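Novice: Residue-level listing of the chains:
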Amino acid sequence: MKYAQLIRLLVARELTLRYKRSVIGIGWTLLNPMLTSFVLWVVFSFVFASRLPSGQQFAPYLMAGILLNTFFNQGLMQSAESIASNGGVLTKIYVPPQIFAISAALAGLVNFFIGMLPLTVVVFISGQTLAWTFPLVLIVGICMALLVSGLGLACSILFIRFDDTRNIVAVLLMILMYLTPIFYPISVMNSTMQNIIHWNPITSYLDIFRWAFSNNATPTLFSWIYMCVWSAFGFWLGVYNFKKYWPRTVAML
Amino acid sequence: MAVIEVTNLNLTYRVLMNRTGSLKELFKEAIKGRARVIDYVALEDISFTVEKGEVVAILGRNGAGKSTLLKILAGVLPATKGSSKVTGTIAPMIELGAGFHPEMTGAENVLFYSVLMGRDAKSVKARISAIGEWAGVSDHMRFPLRTYSSGMVARLAFATATDEQTDVLLVDEVLSVGDADFKGKSRARMNQLINSGAAVVLVSHDMSAVRELAHRAIWLENGHIKMIGVAKDVVAAYEAG
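In order, the protein sequence lines correspond to chains A and B. When you read off a place in the first sequence, starting at 1, and then add 881, the result is the number in the numbering used here. When you read off a place in the second sequence, starting at 1, and then add 39, the result is the number in the numbering used here.
No lab work stands behind these hints: they were computed from the structure. Every value quoted in this text rests on a predicted model; they were computed, and no experiment measured them. Glycine residues also receive a C-beta, built at the ideal position from the N, C-alpha and C atoms. Watch out, some of these pointers could steer you wrong.
Quick list of in silico lysine-lysine cross-link-like pairs, DSS-like style, CA-CA up to 27 Å [unchecked claim]:
1. K1125/A with K120/B
2. K222/B with K164/B
3. K120/B with K1124/A
4. K1124/A with K222/B
5. K883/A with K161/B
6. K124/B with K1125/A
7. K164/B with K883/A
8. K124/B with K265/B
9. K161/B with K901/A
So, partial list: chain B residues that the calculated Cβ filter (under 7 Å) puts toward chain A [to be verified]:
10. S61
11. E93
12. L116
13. G138
14. L155
15. L232
Using the sequences and the hints given, assemble the complete structure.
Specialist: Structural data, given as structure tokens:
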């Protein structure tokens, strides 16, 4: 593909730049999810660990949740910001701007895969082993990358046109995060809340991820269909709207 | 042979009156019934051609539509009506540093900028040290760009943009970079590109540079072509009016 080299450079740049001026550099990619997970584990393990079904372990349950949520949240925001922050280039040289958003999502995907190394360690420490379904996490990753780049593209147009949409999206993402069973088991909620959480698409991605990685959840056929539908819909939504509104938006950069 | 062919080009922006860039304000205006959309004509009925090896300057006051026209030629901004046809590779000589990242090294920036312009990463990698040398920054290529002086960044950008022969070179106010020594060197390279057949479109407020470099000039005023012709005539008229 014509733009493969550019995508590779953009992903590498995205991965290295974030920690360029820190001492341990890319090592933060490994440390960050571990530290966040540790703090939340200290806080919540007393409350929620006993509420998990037998055979499931709280530490990997929590860390898997954080890992996937970071991918979704950071990936979406970075993908959405990528167009505006590269406006200087995009108004001078013709490159399909979608490449910047997709590269940001792919960088999130790489971070997600790197984060699975410490997750594997935590899985073994807590006495579990990797499930034989492990390779399926690849599908979850790709589906999430599609969703992230699609929603990122859609948001990028909004961000350029209206400054305050950044704050609105940030609040929506926070609400969505609390409606995702990241640090609590879904069983602690009442049935109305369980229903709402069930319809949150991120819950499906997370259930499949936890199950595939170390059998820490029980996704259904619905979870799979729901995940695929949202990935396709999210990607289509972004690509379609970006194509439609970009010619009018580029003039505002 | 015409490398650039612009025919009856129009560009209209749809803008909100009292545009504020915030959803909240938009709602407020809409409720008061004041959210009116107006058409702002940035370019109207522009036609011209640029031949191989020809240098055409675009003159005009701020807001006349010069940069907008360059964006359309670069293929970044779609025209509302009419057409703009550019044949071959385009190398935009972008203002200092757009496309350059301060945290990346000189070498990384050269590679990134080149690939962005559609060049092949492999062949660029072999050229990086030569580009650094030509720009006079070979000792600094391993260091982040934030440690460079603005002159060094400008020289590196110029060296990268002009490293390969190109069919069209779009230049926006970047000819006066560097010291006298580098100016001479960059002029020589421009002439070499032009002599090898590159067409140049040049936006500049520096009339002596325009007189010296350009064959023809286009004078834009409020989005219209006010005058088009031999560079020194147009410059004379522009300076008089």
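Novice: Take the hints in turn and mark each one as holding or not.
Specialist: For each hint, the structure was consulted:
Between K1125/A and K120/B, the direct Cα distance comes to roughly 17 Å. Compliance with the 27 Å bound is thereby established for this hinted pair. Using a Cα cut-off of 27 Å, the hinted pair K222/B and K164/B holds, with the two alpha carbons roughly 26 Å apart. Taking the CA atoms of K120/B and K1124/A, the gap is near 18 Å; set against the 27 Å cutoff, the hint holds. Restraint check for K1124/A and K222/B: the C-alpha separation of about 42 Å exceeds 27 Å, so the hint is violated.
Restraint check for K883/A and K161/B: the C-alpha separation of about 14 Å stays at or below 27 Å, so the hint holds. With a C-alpha separation of about 22 Å, the suggested pairing of K124/B with K1125/A holds against the 27 Å cut-off. The suggested pairing of K164/B with K883/A holds, with an alpha-carbon distance near 18 Å, which does not exceed 27 Å. Annotation: proposed proximity of K124/B to K265/B holds, straight-line Cα distance about 22 Å (limit 27 Å).
Using a Cα cut-off of 27 Å, the hinted pair K161/B and K901/A holds, with the two alpha carbons roughly 25 Å apart. With a cut of 7 Å, the hint placing S61/B at the interface with chain A holds, because the nearest CB-to-CB distance is about 5 Å. For E93/B, the shortest C-beta to C-beta distance to chain A is roughly 22 Å, which exceeds 7 Å, and the interface hint is violated. Interface restraint check for L116/B: the shortest CB-CB distance to chain A comes to about 6 Å, inside 7 Å, so the restraint holds.
Using the Cβ-Cβ criterion of 7 Å, the hint placing G138/B at the interface with chain A is satisfied: the shortest such distance is roughly 4 Å. The closest approach between the C-beta of L155/B and any C-beta of chain A is roughly 6 Å, which is under the 7 Å cut-off, so the hint is satisfied. Proximity of L232/B to chain A is violated relative to the hint, the smallest CB-CB distance being about 18 Å (cut-off 7 Å).
Violation of the numbered hints given earlier is confined to hints 4, 11, 15; the remaining hints are satisfied by the structure.
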